[in-house]
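Undergrad: Given chain A, work out where chain B should sit, using these hints.
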Amino acid sequence: MAWSHQDKTAIVGIGATDYYVRGKSWPRTINDMAAEAIMNACADAGISHKQIDGFAYYSTAGAGYLDKFDTASLMETLGMPHISYSATLTSGGGGCPGAIGLATAGLMNEDCTYTVTLMALQQLPQHRLGVVFGASAPNPENSFLQPSGLVGPGHLMSMLTRRHMHLYGTKPEALKEIVQATRANTHNRPKAVRRNPLSDEEYWGSPMLADPLRRLDFCLETDGAVAVITTTMDRAKDCRHKPAVVHACAHGGQREWGRAFAWMGMPDPHFASSGHKFTADRVWAQSGLKAQDMDVALIYDHFSPMVLMQLEDYGFCEKGEGSDYVLSGKIRYDAATGGKVNGGVPVNTHGGNLNEAYIIGMTHIVEGVEQVRGTAINQVKDAEFALVSGGPASLPVSSLILRRA
Amino acid sequence: MSYGPARALPGDQIKITTNPDTEPFWEAAKEHKLTACQCGDCGKFRMPPTPVCPECGSRKKDWPALPGTATVFSYVVCNKNPKNGEDYIYVPIVVDLDGAPGARLNANVSGCNAEDVTIGMKVTVDWTPIQDGWVLPNFKKA
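Protein chains in written order, with our numbering: chain A, 1 to 405; chain B, 1001 to 1142.
Just chain A, same shape as in the assembly:
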């Protein structure tokens, strides 16, 4: 059944700071970066930041990993006269595009008129995600995980990847292809952190951090802030750019995934998956579309194997066939063909978390908006539908389909 809020709201403004290599954003503060991103997004929309009256966060309003956004502080910083909606999804980066659904809920309830969704990330040494699981104090739940030395997200993803290789014969070459195919999309992007073409030799020479995953299978560690403005369709018509219409949006997940790799109790076939099947099925049901109807897929790539497993969970290929799908070139972007290669759907035309910048998913939303506006640097010709996914992690995870106006 079609989603009752289908095509009722739109993303009308996108804004970001520069992207910095981890820790290099200092001496900027996290609120300074957040404020710049919000003001840039409002300027892009053609509204004043003082018109913002809603906040729809994810990651429990986390600003990075240890800091928190606080609506009152942001109001004080930016001088908004009143706020009538302030809400967050729980868990982590899995909720990123789902926050647009949260914004839609506030807008459709007529609580607010312009909502901002944002993330600012500053990985000072004590705030580094790479060690966050190991650095956190033991608690009764993580005492069943931490002692095994699974201290970073990469260790945890490796466990799922190994099982996927065991069950389906997934090849390391497929992971290499994911990193190389998306790296090939950053050579013309001035803000991207990694822009040089990636050779086979460099990939295979990348150190094994958690066998079977190499350093280059891990996403970048960056600082920066990104904000997007969502409003109702009637207001969107008065904004500066063509609206990126919110066509479908879902967050959540199923019990078999649950706390996922913070628990490792997932039964097959959920263990070697991205945990996205539930929200994928929901956005397909909301929209009546399927993976093959997408013109571009912005797939959360904190780790290369999670792109492969999401391709399966969203139905770009059958479960267990992600390796062959990727190796057939179908995730590549080719400007000469208008984007698509070998009947596939281009993935992460912005370079993704692996190559452009990692702001906990927000860059994927920005690229989705630019694609359906028709203004992307690596534009897919006549892009009508863009899929955006949140990070495979503890529930909720989330999915968003943006549509050209």
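For the record, the hints were derived by calculation from the structure and aren't laboratory data.
Quick caveat, the model's predicted, so the values are computed rather than measured.
Among these hints, one or two may not hold up.
Unchecked claim - Below, computed lysine-lysine pairings styled on DSSO-like, alpha-carbon distance capped at 30 Å:
{"hint": "1", "chain 1": "A", "residue 1": "Lys191", "chain 2": "A", "residue 2": "Lys50"}
{"hint": "2", "chain 1": "A", "residue 1": "Lys381", "chain 2": "A", "residue 2": "Lys8"}
{"hint": "3", "chain 1": "A", "residue 1": "Lys381", "chain 2": "A", "residue 2": "Lys290"}
{"hint": "4", "chain 1": "B", "residue 1": "Lys1060", "chain 2": "B", "residue 2": "Lys1141"}
{"hint": "5", "chain 1": "B", "residue 1": "Lys1044", "chain 2": "B", "residue 2": "Lys1122"}
{"hint": "6", "chain 1": "B", "residue 1": "Lys1141", "chain 2": "B", "residue 2": "Lys1030"}
{"hint": "7", "chain 1": "B", "residue 1": "Lys1083", "chain 2": "B", "residue 2": "Lys1044"}
{"hint": "8", "chain 1": "B", "residue 1": "Lys1080", "chain 2": "A", "residue 2": "Lys171"}
{"hint": "9", "chain 1": "B", "residue 1": "Lys1083", "chain 2": "A", "residue 2": "Lys24"}
{"hint": "10", "chain 1": "B", "residue 1": "Lys1044", "chain 2": "B", "residue 2": "Lys1140"}
{"hint": "11", "chain 1": "B", "residue 1": "Lys1122", "chain 2": "A", "residue 2": "Lys171"}
{"hint": "12", "chain 1": "A", "residue 1": "Lys290", "chain 2": "A", "residue 2": "Lys319"}
{"hint": "13", "chain 1": "B", "residue 1": "Lys1080", "chain 2": "A", "residue 2": "Lys24"}
{"hint": "14", "chain 1": "B", "residue 1": "Lys1015", "chain 2": "B", "residue 2": "Lys1083"}
{"hint": "15", "chain 1": "A", "residue 1": "Lys68", "chain 2": "B", "residue 2": "Lys1015"}
{"hint": "16", "chain 1": "B", "residue 1": "Lys1122", "chain 2": "A", "residue 2": "Lys319"}
{"hint": "17", "chain 1": "A", "residue 1": "Lys191", "chain 2": "A", "residue 2": "Lys68"}
{"hint": "18", "chain 1": "B", "residue 1": "Lys1140", "chain 2": "A", "residue 2": "Lys171"}
{"hint": "19", "chain 1": "A", "residue 1": "Lys171", "chain 2": "B", "residue 2": "Lys1015"}
{"hint": "20", "chain 1": "B", "residue 1": "Lys1122", "chain 2": "B", "residue 2": "Lys1083"}
{"hint": "21", "chain 1": "B", "residue 1": "Lys1030", "chain 2": "B", "residue 2": "Lys1060"}
{"hint": "22", "chain 1": "B", "residue 1": "Lys1083", "chain 2": "A", "residue 2": "Lys68"}
{"hint": "23", "chain 1": "A", "residue 1": "Lys242", "chain 2": "A", "residue 2": "Lys8"}
{"hint": "24", "chain 1": "B", "residue 1": "Lys1033", "chain 2": "B", "residue 2": "Lys1060"}
{"hint": "25", "chain 1": "A", "residue 1": "Lys319", "chain 2": "B", "residue 2": "Lys1044"}
{"hint": "26", "chain 1": "A", "residue 1": "Lys8", "chain 2": "A", "residue 2": "Lys290"}
{"hint": "27", "chain 1": "A", "residue 1": "Lys242", "chain 2": "A", "residue 2": "Lys330"}
{"hint": "28", "chain 1": "A", "residue 1": "Lys8", "chain 2": "A", "residue 2": "Lys24"}
{"hint": "29", "chain 1": "A", "residue 1": "Lys171", "chain 2": "A", "residue 2": "Lys8"}
{"hint": "30", "chain 1": "B", "residue 1": "Lys1044", "chain 2": "B", "residue 2": "Lys1033"}
TA: Frame of chain A; chain B shown alone:
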């Protein structure tokens, strides 16, 4: 890749905490008894221990003695001690516990080279003393 012997991480760098739901598991481990949380009504196992059975909603818990054997469900080969960054080959494993269908543990495996660990490998419990007098169930190749 050739890594050499897999070692459990040193117990003196490992700290846990407990709560009333999880403590019976750790108290049994102190006596070198491997157990898992079993519903006192429907008999389903769950790990880590939680207050309510997710199958039937019962709050009754049993802590049966398990054989102490398990099967490797998946594994990762790691090469740095997470506490100090020094070279250290250890292999985190997810295991299915024999005698407790559906219950898993995360642990380290030893008794073989890291590159010889396989999914499906049989392992037996190997107790590692850790901080504050607690004991951690790790595993050795059977």
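Undergrad: Check the structure against each numbered hint from earlier and tell me which ones fail, lowest number first.
TA: The structure conflicts with hints 4, 7, 19, 28, 29, although it agrees with all the remaining ones.
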